[in-house]
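Colleague: Protein chains in written order, with the numbering used here: chain Y, 8 to 454; chain H, 8 to 454.
Careful: at least some of the hints might be erroneous.
No distinction is drawn between identical chains; accordingly, a pair holds when it is met within one copy or between any pair of copies.
[As the list claims (entries may be wrong)] Lysine-lysine pairs mimicking DSS-like chemistry, simulated, CA-CA at most 25 Å apart:
(1) K398 - K387
(2) K441 - K320
(3) K392 - K63
(4) K320 - K388
(5) K244 - K260
(6) K39 - K12
(7) K77 - K63
(8) K206 - K260
(9) K388 - K198
(10) K388 - K201
(11) K441 - K39
(12) K201 - K156
No lab work stands behind these hints: they were computed from the structure.
Protein chains: 2
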Amino acid sequence: MGRIKARTLSGFMELLPARQAQFERVRDTLAKTYELYGFTPLDTPVIESSEVLLAKAGGETEKQIYRFTKGDSDLALRFDLTVPLAKYVALHQNELAFPFRRYQIGKVYRGERAQRGRFREFYQADIDVIGDGALDIINEAEIPAIIYKTFTSLGLERFRIRLNNRKILNGLFAVLGLTERAGDVMRTIDKLDKIGPEKVKTILVEDFSVPAAAADRLLAVIQSEDPLAAVESFQGKDETFDLGVAELSTVVKYLGDFGVPADHFAVDLTIARGLDYYTGTVYETVLLDHPEVGSVCSGGRYDNLAEYYTEKKLPGVGISIGLTRLFYVLQEQGMLNEALPTAPADVLVLPMTDDLSPAIAFATACRAAGVRAQLYTEPKKFKAKMNYADKLGVPFVAFLGEDEVRDGVVSLKDMVSGEQEKVALSEAPGWLRKRVEERSAGAPIRE
Amino acid sequence: MGRIKARTLSGFMELLPARQAQFERVRDTLAKTYELYGFTPLDTPVIESSEVLLAKAGGETEKQIYRFTKGDSDLALRFDLTVPLAKYVALHQNELAFPFRRYQIGKVYRGERAQRGRFREFYQADIDVIGDGALDIINEAEIPAIIYKTFTSLGLERFRIRLNNRKILNGLFAVLGLTERAGDVMRTIDKLDKIGPEKVKTILVEDFSVPAAAADRLLAVIQSEDPLAAVESFQGKDETFDLGVAELSTVVKYLGDFGVPADHFAVDLTIARGLDYYTGTVYETVLLDHPEVGSVCSGGRYDNLAEYYTEKKLPGVGISIGLTRLFYVLQEQGMLNEALPTAPADVLVLPMTDDLSPAIAFATACRAAGVRAQLYTEPKKFKAKMNYADKLGVPFVAFLGEDEVRDGVVSLKDMVSGEQEKVALSEAPGWLRKRVEERSAGAPIRE
């Protein structure tokens, strides 16, 4: 028959089983951590009406969107988890309790140019806290604590959370008379890391007519080693600025109570995170040994989640992890903890008798004890069976031959140490469970 | 500003938080059970090339597919998890260990006519065991054990797994001289439940010229109270038939060893499960109190998973649960276990002092102990705070006022019993954890 070549689309991550097991472990860690902070899991459709999904979008985003018609419907695949959240909250506002804390780990779609490490289908892992009209500043202080807990739970230590407050930037611009050029100035500041302060100043002065003195003052403040001290000279001149400083100070004050060590966060006045959306604290998270990756967890405080759908004012604060890209980077850097088992089973049960009943009964007992057991009954040579066990990477193999069945024991082989011992059938599931738990202890990532 | 009406497309399930928590519990139960049997989780793209996805499809299926172009690419959304599995196995055949056991719980898309209880985006929860050229019969015997364990883990007892073997049906047709009319006969038999044996016989005789005597014999056998005894008179006449009987007997023999009680399965020779695909054991699962729902878990043995992609012979056996529809039915029938907590947090922490540090420290300690804690600091009246706790359904509220902070205790209120007691700060996380575990014990479904 004529055959079609099996292939997976470029830009779509499809993992082999062991890798997938590692991915699941990372994803589960994110979910479990988010849940510790009282976030409820949501699951919204991948497909939405284009009218709803693109209420706000424009420009570059719109070009990347997977949009199509089915019957009379103009449909699109979600390109982030924020717009579906806005729709969800607007739609169900009367049924939700505010503050509404949700997490969502789901696939989103962007038809970007195919490129190594860039994905067209990728997971985002988002949390957001949405208030009804108002939202206490403590929520902005808690976010870095969640980032810290998430990354340390994954096994990472070498990261830093960068904080800023958009009110400080906007206030600075006001004091320096740059409010009308705020967008241009912000975009230019965003390039600091890449082009350095000299060039930033040149652009500010020459392209955007910022007075040289103002550019110098701005650069001096935002690049200061001690930003919270440096901003003091500006206080009392602009309300927004003062509020921003107060908010940032509050956030920093509470971070210690939340258990975030001082060396894991830093105020960084150069962080803007886009032009319009954020209005208070903003966050970035960088891997200290891999700054080239950019921020692996970003977000901030916004005033109006769902203004395109409802007149209800819904301020919030949230962060997003680009999970697929993060996983890809960790894999490329060899940082996935290969010591943790990735096999689908904890024990491979090999019956060595014609009657399979004892082996089936043993596998059933293992499962009842929470031990993942696979029966292997294919009529292969012993060596092929052991090769199979090796290829899967199962930690233990159980042999049940005539002798074992007669004596009410099972021979258990540790596939790592090569050691083998006979254990009473009744005790074997517990024996396995204990060892499997020991072997599974550890974080999914290793620095 | 002009606003867009927030809405979710018809045929797309989007749940409120408490319902979503119940859905997650059902999904997690399926995943955990599948894992106990040594299945590895897979995650394949939602979008595939149309050429690949539609290699086999045709007719009704093709009409329902979400298909579109992006740039030069002709793309489609997966409509089941079997075709992506076939593609995956064909593509990665040299890297996989066979038998390859995978589970996948993922969304699939079919643009069906919108109808109550019918979904266009829905989860399937599939397991399959794929052999390389051959696959031992024990795998066919294990499947009902997995179905049994899955449904009992969910909390269901009132269900029955129906078994048949396609070789028996095909053999019967051969013995009765009906092989050339096998398709028509099978389709007619499939209507037995709906139209009864009289009408089935009439159709067989009048429409498909089946001799009346053959129709009688066929109906007598497949409707027999003791099918395995009834088929004995046909043995020795057709090889396929004899093989089918042997396979079915083996499957039934081992079911006891696998721990499936006799009243939870039944041989039913009327089950066909479609015309072409299955070649051995076939399965259906019915809820005894809701037969109108039809089979909630079906599947069978097939000879050639990926013939459209590879010349490698890949026999397998698998089952699929239509998770979204099953959940919908259980919800409609009021069978979700409402006694289990659905709140996003185990404890809502209410600081009653201006300094939030003690409350933050307590929430942090709870989280370190695995207790899901939410800080509530919005400046609301006490009653509004308690209303919020009620609306979320949190099992416990923690009060930290001046007295508590001074005494190193926290007041914990059980929101179900209404009782409140003071517990030492150091002991409170453990106190909560124990009670939350007790309250979370129980299956997601209640009959």
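Colleague: Taking the hints in turn, state whether each one holds.
Modeller: Each hint, compared with the structure:
1. K398 - K387: Intra 15 Å, inter 59 Å, cutoff 25 Å: intra-copy only.
2. K441 - K320: neither (52 Å within a copy, 39 Å between copies)
3. K392 - K63: Result: close neither inside a copy nor across copies, 58 Å intra and 34 Å inter.
4. K320 - K388: between (69 Å within a copy, 21 Å between copies)
5. K244 - K260: Answer is within; shortest intra-copy Cα gap is 23 Å, inter-copy 86 Å.
6. K39 - K12: neither (39 Å within a copy, 34 Å between copies)
7. K77 - K63: both (22 Å within a copy, 21 Å between copies)
8. K206 - K260: neither (35 Å within a copy, 80 Å between copies)
9. K388 - K198: Neither. Shortest intra-copy (64 Å) and inter-copy (46 Å) distances fail the 25 Å Cα cut-off.
10. K388 - K201: neither (61 Å within a copy, 49 Å between copies)
11. K441 - K39: both (22 Å within a copy, 18 Å between copies)
12. K201 - K156: Answer is neither; intra-copy 30 Å and inter-copy 57 Å both fail.
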